[in-house]
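Novice: Just need the whole structure built from these sequences, with the hints factored in.
There are 2 protein chains.
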Amino acid sequence: MTITSPKGFRASGVAAGLKSSGGPDVALVVNDGPDATVAGVFTGNRVKAAPVLWSQQVLKGGIVRAVVLNSGGANACTGTQGFRDTHATAEHVAAALRNQPKPILIGAGDVAVCSTGLIGELLPMGKLLPGVTAAVKELDKTGGPKAAEAIMTTDTVAKNVHVQGNGWSVGGIAKGAGMLAPALATMLVVLTTDAVAGSEALDTALREATRLTFDRIDADGCMSTNDTVLLLASGASDVQPSQEELTAAVVAACHDLAQQLIADAEGATKHIAIQVLGAASEADAVEVGRVIARNNLVKTALFGNDPNWGRILAAVGTTQAAFAPDRIDVGVNGVWVCRGGSAAEDRSKVDLKGRDVTIQVHLHEGEMDATIWTTDLSHAYVHENSAYST
Amino acid sequence: MTITSPKGFRASGVAAGLKSSGGPDVALVVNDGPDATVAGVFTGNRVKAAPVLWSQQVLKGGIVRAVVLNSGGANACTGTQGFRDTHATAEHVAAALRNQPKPILIGAGDVAVCSTGLIGELLPMGKLLPGVTAAVKELDKTGGPKAAEAIMTTDTVAKNVHVQGNGWSVGGIAKGAGMLAPALATMLVVLTTDAVAGSEALDTALREATRLTFDRIDADGCMSTNDTVLLLASGASDVQPSQEELTAAVVAACHDLAQQLIADAEGATKHIAIQVLGAASEADAVEVGRVIARNNLVKTALFGNDPNWGRILAAVGTTQAAFAPDRIDVGVNGVWVCRGGSAAEDRSKVDLKGRDVTIQVHLHEGEMDATIWTTDLSHAYVHENSAYST
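Taken in sequence, the protein lines are chains A and B.
Using the working numbering, read the first sequence as starting at 1 and increasing by one per residue.
Using the working numbering, read the second sequence as starting at 1 and increasing by one per residue.
Check before you lean on any hint, since a few could be wrong.
Put simply, identical chains are the same to the list, so a pair is met inside one copy or across any two.
[Claimed, not checked] When the alpha-carbon atoms are kept at most 30 Å apart in a straight line, the in silico DSS-like pairs for lysine-lysine are as follows: (1) 127 x 270; (2) 353 x 102; (3) 7 x 270; (4) 102 x 127; (5) 19 x 349; (6) 353 x 141; (7) 19 x 353; (8) 102 x 349.
Think of the hints as simulated: they come from the structure by calculation, not from any bench.
Specialist: Given below as structure tokens:
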């Protein structure tokens, strides 16, 4: 169950020769309507790839009919030629959709573009544009899984999701890696729904969902130039859910995809949930969770099956969050190895042999909680990220 | 040439059995005067070890006659008992110095304490206190190198320095690792001078020196609970240098020690200088340099001999510094692989085989420069930090 599970969407994935592996590398998602409302969230990185700059412009119009995605090249740090290439790709998608037996009469301004791969190199347009033509021909109501496959880079499995509403649903595909491990491989997510929903309702749902899910996975603190999350609504179900229902379904879909991303993070041997409890504010809870998730000494300790709570406390000490060092408790897989800032239960009781690790940090400052998901720092991480482009 | 090179200081280093290796682990530095002025800089971590809390109190009195340092245990996250142990150590130093053939009549409040090692465990006081007694007996005007050796943890070489002034000088010892690699091993630095200088002049010199040196080395962004830098002045030279002369000598001594630290960072295969040029402010230059230095994808790329300027640009994009993505130039070992935010000289021209790497990032926003020194992220880093405490 995937991006084409909601009514009103077709998708495809083809091999255009962008990837040296010869695997599929161009994906297309088309919204057949009747509606074509959209919402999007983009990277906070100030160095933005050409397709991000393009898609941000396109979304200002409030309508997106098609999304074209490629792996095999990020089209980031490619100057004005890179932007012209993105524009040409969108033009080509629109022209190919117009030149069909059942034409879809749209322009380049209705086409969002996403790219992922190495930074700093121009896309081979002579391969990409024929790939787009082929992707248009392959469009199908069952094409979601092929699209999911075509956007993979260092992913080892394709990521799909489907969340059922009452007479409507939300589907999605994802690749990578947002702020996860793979060598700046972008997080690209496209979500679809056949609910009837205006752009504003979609935007509300999507921002809440990314805040609670994608923004809370963090494998190495690195932010891509290309991160993009799009939510397209076709209205084909004729059902207009409440904002609450819509948001809940989009949050559920994004949570599922986020967990698929973290589970597939490059070089990870641990899937780590950091639960920050008793914070004075949600912002404090997120800050504390994130600083632990990004701490290389905590991450290497967990790789070594070492419940090193001292490194966790030292990480917390670098935040601005409200806390008193002598009131913090730390639990690792249910064993409270630190109480009141000092050693408590015997650390040898902690079982870290499994892949799943839960770290609990109780600040005893208030009622707010947040969970950040991350991975360990392993030899495989170093290997894959030192060998990626050479 | 070391901490006992300036006139008026004695030091020692002995093995008290705190380290499982049996190596020297207790160091003592005594200021025989006539002056006993002091300045100190301590960790910014809000989780502070007991000896940091103690020494901060001691320095408020403006007089420090002795510094006792131990490896083999950080005495951090050890609660009230940990603080009592630090107090008892200082008392023991003062008592032992009073009970000598040539007594030094001081109290615990004249003794600074520094500890380094694992967090969260109480120090074995039954071993430490006899070690202090022995260290007092071993005090000698040539004892600096022994003190430098006794504070080593994961250091592979002892760090000493001596900078000559005009009739006076600055000496020092260091261990670890401030914000460097070794598993939260603390940066401990003790500097001595026989210049005549008040606490305020020492403080001015020391803050400027740490700002320009220790605060600009950054191997993994991790901040210890125990970091301490002390500067003691004996006045034994009878020479009172100008503030400018004093600051210059202290900066030179700290720069030398900082480079020794980064050169000895655990698991590093590269010694990397990140020069940020043309920044609008010094703060911008430091922020940009630091964010590059902490980026795991940049660090793994350099471990892999890959001049991956795209990762550098993506790191810069996460800062708040003034810059335009299409005006940044990036040079790696003298080859400008990126000009104006896009690919420039052929990256295959970059020779990364050596240990020393210079990265230049030109922002073209102003006249301010700063250099941050760091290391790569290697398999050895992961190994040493995942195996440290288990």
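Novice: Each hint: holds or not?
Specialist: Against the structure, the hints:
In the homo-oligomer, the alpha carbons of residue 127 and residue 270 never lie at most 30 Å apart, since the shortest distance is 38 Å inside one protomer and 39 Å across protomers. Taking the closest pair of Cα atoms, residue 353 and residue 102 never come within 30 Å of each other, the shortest separation being 57 Å inside a single copy and 58 Å across copies. Proximity of residue 7 to residue 270 under the C-alpha cut-off of 30 Å is found in neither arrangement, the shortest distances being 37 Å within a copy and 55 Å between copies. In the homo-oligomer, the alpha carbons of residue 102 and residue 127 lie at most 30 Å apart inside one protomer (25 Å), although the nearest pairing across protomers, at 87 Å, exceeds that limit.
For a Cα distance limit of 30 Å, the shortest separation of residue 19 from residue 349 across copies, 25 Å, qualifies, whereas the shortest one inside one copy, 47 Å, does not. Proximity of residue 353 and residue 141 under a CA criterion of 30 Å is satisfied in neither setting, with 43 Å inside one chain copy and 52 Å between copies. Only between protomers do residue 19 and residue 353 lie at most 30 Å apart by alpha-carbon distance; the minimum there is 29 Å, versus 37 Å within a single protomer. For a Cα distance limit of 30 Å, the shortest separation of residue 102 from residue 349 qualifies neither inside one copy, at 66 Å, nor across copies, at 52 Å.
Of the hints listed earlier, those the structure fails to meet are numbers 1, 2, 3, 6 and 8, in rising order.
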